[in-house]
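**Student:** Let chain A serve as the given structure and place chain B on it in line with the hints.
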Amino acid sequence: MAFDIDRYTATSVRVEWDDLDLDAFERDPLPPESLRTLRYMTDVEYHTVCYTRDLLTTPSHREADVSAFMTMWNREEFWHGEALAAVLARHGVTVDYDELRAKRVKLGWKDRIDPIKQSVAGALVGTDFVAVHMSWGAANEWSAITAYQRMAELERHPVLAELLRRIAKQEARHVAFYTSQARQRLAASRRAQQVTRFALQRFWAPVGSSIMREDEVRHVMGQLMAGPEGRRAARKVDDSISSMPGLGGLTIVQDALVRLGVAA
Amino acid sequence: MGFDVREFARSAQGSLRGELDLEAFAAHPLPPAVADGVAVLGRLEGATMDVLRNMLVTATHKDARVTAFLVTWAYERFWVADAYAAIAAACGRPVGTGADVAGSAESQARADAPEQADAPELPDAAEPAEVGARRARGPGPVRRAFAGFVQGQAIVGAHLTALLVDDVVLGAIAARLVETSRAGQDTAGRANGDGGAGAAYAATEALAAAVERVERITARHDAFLREEVGARLRDDRRARRLPARELRRWPLPLGAGAVPETERDALLGLAFGGDAGREAAAAVVAEVGAVPELEATARVVATRLRAATGADATHAT
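In the order they appear, the protein sequences are chains A and B. The opening position of the first sequence corresponds to residue 1 in my numbering, with each subsequent residue numbered one higher. The opening position of the second sequence corresponds to residue 265 in my numbering, with each subsequent residue numbered one higher.
So that you can see chain A by itself, here it is in the shape it has in the complex (with noise of 0.2 angstroms):
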């Protein structure tokens, strides 16, 4: 079925946590390592803006449905950020836009070079490598709202449960947007599905990767993605990725589980 966009414009708000007792927080803390964990979501979700910036290299934007989609999913995952960063806050973990900044400045020159290479790559394959961008946002958001529902299911925290669980909402209506564009890309051209094969065979990462360093995407996938019911939940987003026109047999998930190294 068609994405509804109108639907989607009109209905999209930032996700709320104001009735939410953060203050449970404080009498039952998270540990650590979840903590870390939840400070790169944070992270990714306020970096979303950057993804954005190398969709827009592609003629994709000049679409009015693209545009539109894009405008409210920035918005939405920039109050993703700011929702875990409060919860962060409760935990004495500061996030202001000042280190944001910093960090992207680290980011140093590939992250200077890659809307050039996005760039390049889209007008020398010209209308196909929308499919790339729209089965990779597919990937990415599949492999968000697994992590939320895996942070939920470890952590057993009501409140952040709760707040997961509405951020996986949000999530999966970026999922219908994905799929809708890259099924329908991907079915109308043959070239897009090898163009689309090839590229997430070949570089699709775990969301993160391209901003994080590897200890820190290592600890996230070791934590929500290792073990038997790590593994079910890989296999899953990779079933999704691979019941697309083109895509099938592809596992990309459960092989950067293999390449980081963590453990079955």
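Treat the hints with care, as some may be off.
Here are some chain B residues pointing at chain A (derived, C-beta under 7 angstroms) [unchecked claim]:
(1) A290
(2) H292
(3) P296
(4) R317
(5) K326
(6) T331
(7) Y339
(8) P405
Which chain A residues face chain B? A few, computed with CB under 8 angstroms, are given here [claimed, not checked]:
(9) Y46
(10) T71
(11) N74
(12) A86
(13) R104
(14) V105
To be clear, the hints were calculated from the coordinates, so they are not data collected in a lab. Even glycine gets a Cβ: it sits at the ideal position worked out from N, Cα and C.
**Tutor:** Positioned in the frame of chain A, the structure of chain B alone reads:
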């Protein structure tokens, strides 16, 4: 205490449709030229992704406070665009919803056409609308990204200046649309012998109310932009040189690449042509020039408006 970006983001304004008197437009549509102008203005307001595309490939994307503002700014502009689209649609101009106006000039006609990453060389076969739109957009993200390597942090002030100028120009266009509609209504009223209370009265006042509502939204954008521009240009000689130079490389209004050339020129002619238009253009130039360190930028704005309309924005009385 500086501008509170978090509070701005928290209290962002969403859809304005519930506040618009759309029935007034349906009962007494605005004059066709004004209704068309409102439709184009909506597309200029909604072209935020066209603008961000070129800003985020530079150091601007690294400043988390600025990107937090931009995320909310784009959201509010989306709904401003939607409001103008709703008004134009109620006047019988089929422009659709905010999602429909958030795309760009060729999005409807050439959604599937390949785009060059940076297109200084235009293909011979390019359609006139495509050629015009590319020219209007100015350099693409690759050239801007390379330039950004050299410009460093100083470019952020130039981008924020461009956004401020855009707000001033779009605000002036909106005000001129109201004035033009009022003038039409007075003429119709005199012709009908009813002292100016012609058929378009209700629609004009509904447009004036909508424009005033939009002004209250953009006032917060301007507050942030003026504060940031002031702080960034005050102590940095390099940053002070960039806004005027950079503005020459941007379309004006910034979203002009999202609108077909003929429609854009018609709107700019309506807003800044003629005696009243020249006065409005001069007021825009004066407002920009009154911002500390933006005298040179104001001169560029004057030149750009003169080029767009054939009017001299610097010598209006």
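**Student:** Now look at each hint and say whether the structure bears it out.
**Tutor:** Going through the hints against the structure:
1. A290: With a closest approach of 20 angstroms, the A290(B) hint is violated.
2. H292: Status violated, d = 27 angstroms.
3. P296: violated, 24 angstroms
4. R317: holds, 4 angstroms
5. K326: holds, 4 angstroms
6. T331: holds, 5 angstroms
7. Y339: Because about 5 angstroms separates Y339(B) from the closest Cβ in chain A, which is inside the 7 angstroms limit, the hint holds.
8. P405: P405(B) check passes; min Cβ-Cβ to chain A is 5 angstroms, inside 7 angstroms.
9. Y46: holds, 7 angstroms
10. T71: holds, 5 angstroms
11. N74: holds, 5 angstroms
12. A86: violated, 11 angstroms
13. R104: holds, 4 angstroms
14. V105: With a minimum Cβ separation of about 5 angstroms from chain B (threshold 8 angstroms), the hint on V105(A) holds.
Comparing the model with each earlier hint shows violations of hints 1, 2, 3 and 12; every other hint is respected.
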